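Chemist: Here the structure of chain B is known, so what remains is to put chain H in place on it, guided by the hints.
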Amino acid sequence: MKKYIKTAVLIAFVVLSIGTYYVYTALASSENPDLSFETISGEEELFEPITLLGVYSKESMYTRFKLNQQGPIYESNLNLLDQIDGVFQVTKNRLENDYRSFMRGKEIYKGHVYEDEEQLIFVESNLMRSQNEDISMTASWLNKKTEETSSVEVDFPGNNYSFANIMDVQMNDNVIQVFANMQVNTRNDHYTEIHLLEIDAETEELIGQKVLLSGDEESSSQNDEISFGSLRESVEWAPNEYIVIREEVMQFDESTQSHQVTKQKLHAYDVKNQQMKELEMPEEFITRQVDSFDGSTLYYFDEVSEGLKISSYQIEEGTFSNDLVIDVESISYYPSLVYQGNLYLVTNTDKEKYLQIFDLSNGQSLYKGKINATEQEELENIRIDEMVLSKR
Amino acid sequence: MKNFFKLLNFELNRVMKLLISLMVFTLIVQLIGVFVSKNNYLTQVEMLQQNDGSSVSQVLQSVGYFSFDRVVNSLFFIGPIMICVAAIMFYIFLIWYRDWFGKNTFVYRLLMLPTARINLFFAKLTTILLATFSLVGFQLVAIQIEMLVMKWTVPSEYVMEVTLRQLIEIHPVLSLIAPNQFSLFMSLYGVGVLTVIILFTAILLERSYRMKGVLFGGTFVIAANLLVILPVILNETVFHSFLYNGELLLIVLGLGVIVLASSVWLSKRLLDEKIRV
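Chain order of the listed sequences is B and H. Per our numbering, residue 1 is the first one in the first sequence, and the count goes up by one each step. Per our numbering, residue 1001 is the first one in the second sequence, and the count goes up by one each step.
Quick caveat, the hints were computed from the structure, so don't treat them as lab data. In this text the structure is predicted, and so the values were computed from the model without any measurement. Glycine included, every Cβ here is placed at the ideal spot set by N, Cα and C. Heads up, some of the hints might be wrong.
[Unchecked claim] Listed next, the stretches of chain H that the computed footprint assigns to chain B, with coverage defined by at least 3 CB atoms under 8 Å from CB atoms of chain B:
no.: 1; stretch: 1002-1013
no.: 2; stretch: 1134-1145
no.: 3; stretch: 1160-1167
no.: 4; stretch: 1173-1183
no.: 5; stretch: 1239-1246
Chain B on its own, in the form it takes in the complex:
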């Protein structure tokens, strides 16, 4: 037996050193706080379709988590397969579960998906021009009732474009509308255009391409640079009445050697009536950040002494409705979401966090739930970054 002593010691050393380490890490990840909602007032069903995404960080370690009515899921507790499958891409996960066959081979990017009761539309792009390939895109759609799928590949007409980025997809009257930000790059000209491409879902053909906005036309002088960006909607895949695009005119400032924004505009495209208009509102609202946008109304939040003041701008009427003041402690930097006329907010006091839901027509509180952790002081290590709709 004595001659085996070295082998035995070596094996024991391996098991002890590596074993201890992994037992220790397993214990450390089971220390992730258990989070739950405690209803203070209102109906719990209202926040059933909502998922919160955030980060739990402690002693310079951090792990992502998602939290819904069922409780939290921490990335550090997931197995390898769930980790590479992107549990935190909530929309991707939901669509892959519900439409497994249709979703095969599809990468999800923000703004590339449209979903309503009947249709699921997905646009993929091959947007870098190469020597022998034009920029093109593929639109695929699924009729949820008949389970029929169709797909069409469309070349972007014209060869002055070096790059295109899909901003949004909508459907109106069986016509798929793709909004794209396209870069014109010729020997003399460099500017951006916003294009609308229309595909007839019935005949599976490209039936129209319009330039909605052009950086070339908008610029007044040679030194101007114009950029366009679309406002992010509360629910990225939902049908919208309007697509809102922010235009920024930038001028090169010699003294700071950088581009400075000199002018801003907000444009809205009416999806149903297919018209573009510039929003007319006071300058301060055009230049400031829009806190929430649900496809038809722009919401601006201001913290006031009585709570949170909400200014809502109806795009169709072109007017602000009466300001609402809702009763919250503080919303700090947390995300919000507007869905079916209700405002979802994460609010906080010094030590506590709440999920609150308000009716935007009258400012009434519909639900208030306190977020609880196993140890309450752990809430300080919790940060919530995003609120997404995880159900249709």
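Modeler: Just chain H now, kept in the frame of chain B:
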């Protein structure tokens, strides 16, 4: 089984000296690394204090805290790890060839032992694995010792403590040798075991067919690797990500098991029938 353990014990005894020297070397060089990083840091601190009369908080503001991270990022720390990795890679070949080219063709005696010859294969494989794991385990222990030394030698007001888990999380080399998640550890070393088995089979092909065997062995290594990663390549190129990640992983895992089993089977046939002394 008993024969396997005898062979394993024999192989481990042969590698023990190498292992212990690697461990001692690693610890010494990494400790030197601790002192060098510490001295560099404290020189900076002293210069600030003497020249500008900075207070502790001012010093911390300009040069930051001293954490073990500074040690890990130095060549004194990574160097020994690289040398250990290279040594194990080298030993994968040495463990077979020393039996042929060592004193008085030892392999002759090994092959004549009254036991299944595949035991020889498994004993050598287990030796490589245990050697690797003992070095990984030793590194985990060594870091703890080095962190203690750091704590004793650097004034506490300048020290920012990090845990081993945090270090591994942020450091790419460390998270490759001992990833924080056990599932990842198993996957990485699973790939490692498969690689060693494929290389062993290639060595046996060479030992069986000599010059022609080099060609066979090379082809086998390329083919086996290609077969395992083929689904990933095809899925990316021809099938445009048709398979979901989970499905892809299962197929790769399945192919990995097939390659592993056929590699062991081929090695057994070579050892039993074709091997030349």
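Chemist: Against chain B, does the stretch 1002-1013 of chain H show at least 3 residues with beta-carbon separation below 8 Å?
Modeler: holds (count 5)
Chemist: If you look at each residue in the stretch 1173-1183 of chain H, do at least three have a Cβ nearer than 8 Å to any Cβ of chain B?
Modeler: holds (count 5)
Chemist: Report holds or violated for chain B covering the stretch 1239-1246 of chain H, Cβ cut-off 8 Å, minimum 3 residues.
Modeler: Held - the stretch 1239-1246 of chain H has 8 residues with a Cβ nearer than 8 Å to chain B, which meets the minimum of three.
Chemist: Taking a Cβ-to-Cβ distance below 8 Å as contact, does the stretch 1134-1145 of chain H have at least three residues touching chain B?
Modeler: holds (count 6)
Chemist: Holds or violated: the stretch 1160-1167 of chain H covered by chain B, criterion of 3 or more residues with Cβ-Cβ distance under 8 Å?
Modeler: holds (count 5)
In this structure, every one of the numbered hints holds.
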